[in-house]
Amino acid sequence: MSGLSLAHEPVTGISHGKLGMWVFLASEIMFFTGFFGAFIVLREANIDLFTHSAKELNMWLALTNTVILIGSSLTMALSIYSLERGNTKHFRLFLLISILCGFGFLIVKTIEYSTKFGHHIYPSTNIFFAFYFLLTGFHAIHVIGGIVPMMSMYARSFTKKGFHNVNRLETLGLYWHFVDLVWIFLFPVLYLMFPSH
Amino acid sequence: MFFDWMKWFPENVSTFGVGVDALFEVIYLLCIGIFFLVFGLGIYFIIKYRFSPTRKAYHYHGNNLIEFTWTLLPTLLFAGLGVYSDGMWEDAKYKNVFPKGDLEVEVLGQTYLWNYRYAGADGQFGKTDRSLMSAANPFGIDPNDPFGKDDITTVNQMHAPVNKNIRIHLSSVDVLHSYFLPNMRLKQDAVPGSWVDIWYNATKTGKYELACAELCGSGHYAMRGEVFIDSQTDFDKWMDQQMMAKMPKSTQVANAPAPVTPTVDTTATTVPQDSVAQNGGSAR
Amino acid sequence: MQAVTTVPVHGGEEHHSHDHAVDHGHEHHQSFITKYIFSTDHKMIARQFLFSALLFLLIGGAFAMFIRWQLAFPGQPIPVIGHLLPDTWVTDGAIHAGFFTQLLTMHGTIMIFFAIIPFQVGLFGNLCIPLMIGTDDMAFPRLNMISFWLTPPAGIIVMMGFMVDGGTAAAGWTSYPPLSAIAGSGQTLWLIAIFMIGFSSIAGGVNYIATILNKRAPGMKMFELPMTIWAIFITAVIIVLGTPVLAAALSMLFMDQALHSSFFLPDNLVTVKKFAGGGQPILWQHLFWFYSHPAVYIMIVPTMGVVSDVLATFSRKPIYGYKAMVFAIMAIAFLGFIVWGHHMFQSGMNPLLGTTFMLSTIVIAVPSSIKVFNWLGTIWKGNIRFTTAMLNALGFIGTFVIGGLSGIFMAAAPVDIYIHDTYFIVAHIHYVLFGGSLFGIFAGIYYWYPKMFGKMLSESLGRKHFFWTFVLFNMTFFPMHVLGIGGHIRRVYDPYVYDFLKPFQDLNVFISICAFGLGLAQLLLVINIFWSMKYGKKAPRNPWKANSLEWAAPSPPPHGNFDRPIRVYRGPYEYSLPDMEEDYLPQWIERTADVKQAEQSGQHSAVSAEFSSGGFAPKQENKH
Ligand code: HEA
Ligand code: HEA
Ligand code: CUA
Ligand SMILES: [Cu+2]
Chain A
1 MSGLSLAHEP
11 VTGISHGKLG
21 MWVFLASEIM
31 FFTGFFGAFI
41 VLREANIDLF
51 THSAKELNMW
61 LALTNTVILI
71 GSSLTMALSI
81 YSLERGNTKH
91 FRLFLLISIL
101 CGFGFLIVKT
111 IEYSTKFGHH
121 IYPSTNIFFA
131 FYFLLTGFHA
141 IHVIGGIVPM
151 MSMYARSFTK
161 KGFHNVNRLE
171 TLGLYWHFVD
181 LVWIFLFPVL
191 YLMFPSH
Chain B
1001 MFFDWMKWFP
1011 ENVSTFGVGV
1021 DALFEVIYLL
1031 CIGIFFLVFG
1041 LGIYFIIKYR
1051 FSPTRKAYHY
1061 HGNNLIEFTW
1071 TLLPTLLFAG
1081 LGVYSDGMWE
1091 DAKYKNVFPK
1101 GDLEVEVLGQ
1111 TYLWNYRYAG
1121 ADGQFGKTDR
1131 SLMSAANPFG
1141 IDPNDPFGKD
1151 DITTVNQMHA
1161 PVNKNIRIHL
1171 SSVDVLHSYF
1181 LPNMRLKQDA
1191 VPGSWVDIWY
1201 NATKTGKYEL
1211 ACAELCGSGH
1221 YAMRGEVFID
1231 SQTDFDKWMD
1241 QQMMAKMPKS
1251 TQVANAPAPV
1261 TPTVDTTATT
1271 VPQDSVAQNG
1281 GSAR
Chain C
2001 MQAVTTVPVH
2011 GGEEHHSHDH
2021 AVDHGHEHHQ
2031 SFITKYIFST
2041 DHKMIARQFL
2051 FSALLFLLIG
2061 GAFAMFIRWQ
2071 LAFPGQPIPV
2081 IGHLLPDTWV
2091 TDGAIHAGFF
2101 TQLLTMHGTI
2111 MIFFAIIPFQ
2121 VGLFGNLCIP
2131 LMIGTDDMAF
2141 PRLNMISFWL
2151 TPPAGIIVMM
2161 GFMVDGGTAA
2171 AGWTSYPPLS
2181 AIAGSGQTLW
2191 LIAIFMIGFS
2201 SIAGGVNYIA
2211 TILNKRAPGM
2221 KMFELPMTIW
2231 AIFITAVIIV
2241 LGTPVLAAAL
2251 SMLFMDQALH
2261 SSFFLPDNLV
2271 TVKKFAGGGQ
2281 PILWQHLFWF
2291 YSHPAVYIMI
2301 VPTMGVVSDV
2311 LATFSRKPIY
2321 GYKAMVFAIM
2331 AIAFLGFIVW
2341 GHHMFQSGMN
2351 PLLGTTFMLS
2361 TIVIAVPSSI
2371 KVFNWLGTIW
2381 KGNIRFTTAM
2391 LNALGFIGTF
2401 VIGGLSGIFM
2411 AAAPVDIYIH
2421 DTYFIVAHIH
2431 YVLFGGSLFG
2441 IFAGIYYWYP
2451 KMFGKMLSES
2461 LGRKHFFWTF
2471 VLFNMTFFPM
2481 HVLGIGGHIR
2491 RVYDPYVYDF
2501 LKPFQDLNVF
2511 ISICAFGLGL
2521 AQLLLVINIF
2531 WSMKYGKKAP
2541 RNPWKANSLE
2551 WAAPSPPPHG
2561 NFDRPIRVYR
2571 GPYEYSLPDM
2581 EEDYLPQWIE
2591 RTADVKQAEQ
2601 SGQHSAVSAE
2611 FSSGGFAPKQ
2621 ENKH
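First to last, the protein sequences are chains A, B and C. Residue numbers for the first sequence follow this note's numbering, so the first one is 1 and each next one is one higher. Residue numbers for the second sequence follow this note's numbering, so the first one is 1001 and each next one is one higher. Residue numbers for the third sequence follow this note's numbering, so the first one is 2001 and each next one is one higher.
Hint data in this document are derived by calculation from the structure and do not stem from the laboratory. Warning: the hint list may mix true and false statements.
[As the list claims (entries may be wrong)] Below, simulated DSS-like cross-link-like pairs (lysine-lysine); rule was C-alpha separation at most 30 Å, straight line:
no.	chain 1	residue 1	chain 2	residue 2
1	B	Lys1246	B	Lys1127
2	C	Lys2221	A	Lys18
3	B	Lys1100	B	Lys1246
4	C	Lys2534	B	Lys1056
5	B	Lys1048	C	Lys2381
6	B	Lys1207	C	Lys2502
7	C	Lys2274	A	Lys55
8	C	Lys2537	B	Lys1056
9	B	Lys1127	B	Lys1164
10	C	Lys2323	C	Lys2221
11	C	Lys2464	C	Lys2537
12	C	Lys2538	C	Lys2455
13	C	Lys2381	B	Lys1056
14	B	Lys1007	C	Lys2502
15	A	Lys161	A	Lys89
16	C	Lys2221	B	Lys1056
17	C	Lys2221	B	Lys1204
18	C	Lys2035	B	Lys1056
19	C	Lys2545	B	Lys1048
20	A	Lys18	A	Lys161
21	C	Lys2464	B	Lys1048
22	A	Lys116	C	Lys2273
23	B	Lys1207	B	Lys1100
24	C	Lys2502	B	Lys1056
25	C	Lys2464	C	Lys2534
26	C	Lys2274	A	Lys109
27	A	Lys89	A	Lys18
28	B	Lys1127	C	Lys2273
29	C	Lys2455	A	Lys55
30	C	Lys2035	A	Lys161
31	A	Lys116	C	Lys2274
32	C	Lys2274	B	Lys1127
33	B	Lys1007	B	Lys1164
34	B	Lys1056	C	Lys2538
35	C	Lys2323	B	Lys1048
36	C	Lys2035	A	Lys18
37	C	Lys2464	B	Lys1056
38	C	Lys2538	C	Lys2035
Predicted, not measured: the structure shown is a model, and the values here were computed from it.
Could you build all of it, start to finish, from the sequences and the hints given here?
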């Protein structure tokens, strides 16, 4: 026996990081479920207000953002694929695109928010806009929470040691896909739920 | 032997209160039984099986049949309890189950007092509008509605006839309150923005205290009201007086005097107790 | 090697645990800061949680003393310190009504979020998991450190409320809007602090689940985990699924309170603050109790595990119905998520829901009764040693049963009409939270202190502490049932404005006097903890002759925990095997081999000697 090892291999066969991430995502799902639950109840009670206010949102900006986020999910997957194959160049490229998409999303969001503020629309305006700011705000925080580790990995790939930790990138990928998924729920719920006429 | 808990209850004077007290007693007896079972066994084991260096504990991992039995027995017991309780619950709170009101009263909680509204001479409540609600006109009675002109409003004092079904529509103008009549075994939160219906039927005349049971601010403790259960004749007399008082100045409801700025923490005009709160004194 | 690449989060710790776990000497390489403050060692974090929770217990308890003073002697100046308090709190030393509501809010908040949950989750989770599953540390040591270091700032933030204009949060620990939404900046601080605590809980929960699933010692099956670990595991699941809903609710209330949105505020509220309206006050209650009912199980389930282990150890018997116990906890956790409405019977929600919640609540008593009967089964035919830990565990069962039974009264919705928001509830709270959780916590502290600090707690002081706490606890809180039956509403500053409550003043005085004694009795615990750290008897590895893995490690365990490789051969409850002379058979001992080992060489003599010394040898060979 060479040395005493008590840091056992992962018993489940899933790395700690990924297992932890799955558990954390379960938690995140409950977090947004809380919001969506409240949304459903209050929408039911204020149906006119909600459909009326939803029209004021800029669907096209949101659609752009949807495309951006889905794109970044794709490039994230590609960058994992490249890192697995040891293709550092492509890994960097796709990761960079994901990061830029993240920033692009935030910029569009900023534009959206500032036009809202320009029209004197705040959380206090009415309950629909309160939900709008609440949901998109928390989503944006999640986007930032994804960009930061991505940037750190990107930066590290330029150091002497480089970045080769596929598992960690995959774990981050899980998170990033989740953020994408939340948006795919948010988008129709906020922007598209009003009578078409 | 073990003392009689029922004697600590304030006197019950409502019809369904009898059921509530009975249910309490049933659960109480049940719990006493379980209590003596568990504690009896526990204490017996503790004494019988206390440490002895010469004895060895029994190596035993348990028995599924026993496990199953003591799961099933409580389940049955509790299922019975649930069914028994539910009838009473429906009777107390289900709108479509409980009786129609012989007298209908609207009650509005407001920090820190209780507003009442009776329909008045015409037996019809006047129209109300939530946007007219203010500290001075808590019900938001529409001044242009003729039915509203004779509505009788009182503060902290309620009169009701004995042996009649009293139906209360309950709400609040600002924060949550809770309408608690200990003697009627009645409690219901008053929720701003929605109306809840409750009822009781008091079987004994007298003066009873009303408490606010939901924390509503620093004056919560002093949000006290009084309910007078009168004989029918006394009640009619009281009602007549109120109507008389109403007649000459019936228009006053709408342009009520001196609209106090409605604030939550300083309803000093209406709450004498609040001054008590300020100097930390007791009301005694 | 491999672990470094596949388990990156663990990377930083590799060089400690992998290579030098036996080498105690390397510990002095750590600076004071990394060793005692920003430590990633689970044992140090457990100690940090212990001390911070203890501090908050004292603060919360001190608030209770003020509350009790006011209820017994309303409007009279607090002796000694009354005149030292600022004018915004007291007049001539007598508490203001507003300050009283702040005190009771803070009492509940501090006790629940800053004392009991950190004890249950932070202390037991961190202390027990790695040791009892035989590993070196948590799966995410740094996350663990963050989880602790969110607590003190949150505590400071919530206490800062006392300094701001308008005082601290005063809407009860349940913070029902609209009252909380129209409150001042003290409430904002409260919301932020609880959000942080929630985050800390979730971080802990994720960590515990990953650790228990992934880092068990070789050979350890899930159904060979000690009850404590099962309980913490299931608690972690509750935390991970429940707490985010609280976080969501807190965010919404924060928006209402600070940014004037109106999730919980209906149209045309007559209040100083103006809101657009359209919201529903009851929605908050649904979201809050969706978390907070499971949270009351977060506050009891870990100690249920602890008590099970303590009972088995000191009865020298296997836990009765191990699997039934595990399934009962699972059932409690599951049912815990569908009973939240029992806090809202009188809230004005649809009474039809009242019926369903009443039924589910009554059902939840069934798994609890399984636990109680199995505990009785465990001590049955045992050979019971009354150590302080055992006394507290027995005290736990007694008080938990009383508290649970009072829960049945409230679960019956018609009875709850009357006793809701009375002192009957307050009695229930304290029977389950003080009588239940806190006695369990005491049991755990007395049981594992030797492992934590390498010293034995003083048993004689411990017994005194138990005796006085148990007696005074019951004298303080049992009469509260009577108050509740008498209609004594809770959260009242001066009950005696009501005629029907005037006769209860004598009882209130009695309760308060007992409460002061109860508060003083807690000083015995504090003294014991600090005195024993310095002067206590040195603790052997396995002072209680127990079976689970933590007792294989030195006391206190070094960085990396174990000085021998750990392999698990059986469940943790093989006490008093009939074919053995010793009355216990630890999980890490291989029955035939270890005797030989002891004879052969000094390689693992430290461990083996301990067991062979007591005549540890199987009477007959056993085929395993
Ligand atoms: C550790 C904390 C804890 C625990 C474990 C419990 C356990 C239970 N609680 Fe409690 N509860 C609280 C903490 C806790 N509670 C708090 C803090 C509040 C107040 C919140 C506030 O408003 O501030 C509260 C409030 C509360 C209410 C709301 C009252 C109201 O506001 O009107 C209700 C109502 O149903 C309730 C019920 C129960 C029930 C049925 C259990 C059950 O789990 C109990 C089950 C246990 C037993 C039943 C005993 C053991 C069983 C046996 C001995 C066998 C019995 C055998 C047979 C019957 C055959 N609780
Ligand atoms: C684990 C949780 C816990 C614990 C341990 C306690 C402990 C105590 N509680 Fe607590 N209590 C709650 C949780 C808890 N409480 C909750 C959740 C509420 C509801 C809040 C709400 O309504 O929002 C509540 C409410 C509550 C009320 C009702 C307030 C009201 O509704 O108006 C009262 C009143 O008597 C009370 C009293 C006490 C007392 C006397 C103790 C004692 O056991 C305290 C013992 C003391 C210590 C443990 C610390 C040691 C003290 C010192 C070292 C100081 C010594 C000084 C002197 C003797 C002067 N509590
Ligand atoms: Cu109104 Cu309390
Ligand atoms: Cu509950």
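Hints versus structure:
no., hint, result
1, Lys1246/B x Lys1127/B, "holds, 18 Å"
2, Lys2221/C x Lys18/A, "holds, 21 Å"
3, Lys1100/B x Lys1246/B, "holds, 27 Å"
4, Lys2534/C x Lys1056/B, "violated, 36 Å"
5, Lys1048/B x Lys2381/C, "holds, 8 Å"
6, Lys1207/B x Lys2502/C, "holds, 16 Å"
7, Lys2274/C x Lys55/A, "holds, 25 Å"
8, Lys2537/C x Lys1056/B, "holds, 28 Å"
9, Lys1127/B x Lys1164/B, "holds, 26 Å"
10, Lys2323/C x Lys2221/C, "holds, 13 Å"
11, Lys2464/C x Lys2537/C, "holds, 18 Å"
12, Lys2538/C x Lys2455/C, "holds, 5 Å"
13, Lys2381/C x Lys1056/B, "holds, 9 Å"
14, Lys1007/B x Lys2502/C, "holds, 16 Å"
15, Lys161/A x Lys89/A, "holds, 15 Å"
16, Lys2221/C x Lys1056/B, "holds, 28 Å"
17, Lys2221/C x Lys1204/B, "violated, 67 Å"
18, Lys2035/C x Lys1056/B, "violated, 44 Å"
19, Lys2545/C x Lys1048/B, "holds, 22 Å"
20, Lys18/A x Lys161/A, "holds, 23 Å"
21, Lys2464/C x Lys1048/B, "holds, 24 Å"
22, Lys116/A x Lys2273/C, "holds, 23 Å"
23, Lys1207/B x Lys1100/B, "holds, 24 Å"
24, Lys2502/C x Lys1056/B, "violated, 57 Å"
25, Lys2464/C x Lys2534/C, "holds, 20 Å"
26, Lys2274/C x Lys109/A, "holds, 28 Å"
27, Lys89/A x Lys18/A, "holds, 25 Å"
28, Lys1127/B x Lys2273/C, "holds, 27 Å"
29, Lys2455/C x Lys55/A, "violated, 69 Å"
30, Lys2035/C x Lys161/A, "holds, 29 Å"
31, Lys116/A x Lys2274/C, "holds, 21 Å"
32, Lys2274/C x Lys1127/B, "holds, 24 Å"
33, Lys1007/B x Lys1164/B, "holds, 26 Å"
34, Lys1056/B x Lys2538/C, "holds, 28 Å"
35, Lys2323/C x Lys1048/B, "holds, 27 Å"
36, Lys2035/C x Lys18/A, "holds, 28 Å"
37, Lys2464/C x Lys1056/B, "holds, 29 Å"
38, Lys2538/C x Lys2035/C, "holds, 22 Å"
In this structure, the earlier hints numbered 4, 17, 18, 24 and 29 are contradicted, and the remaining ones agree with it.
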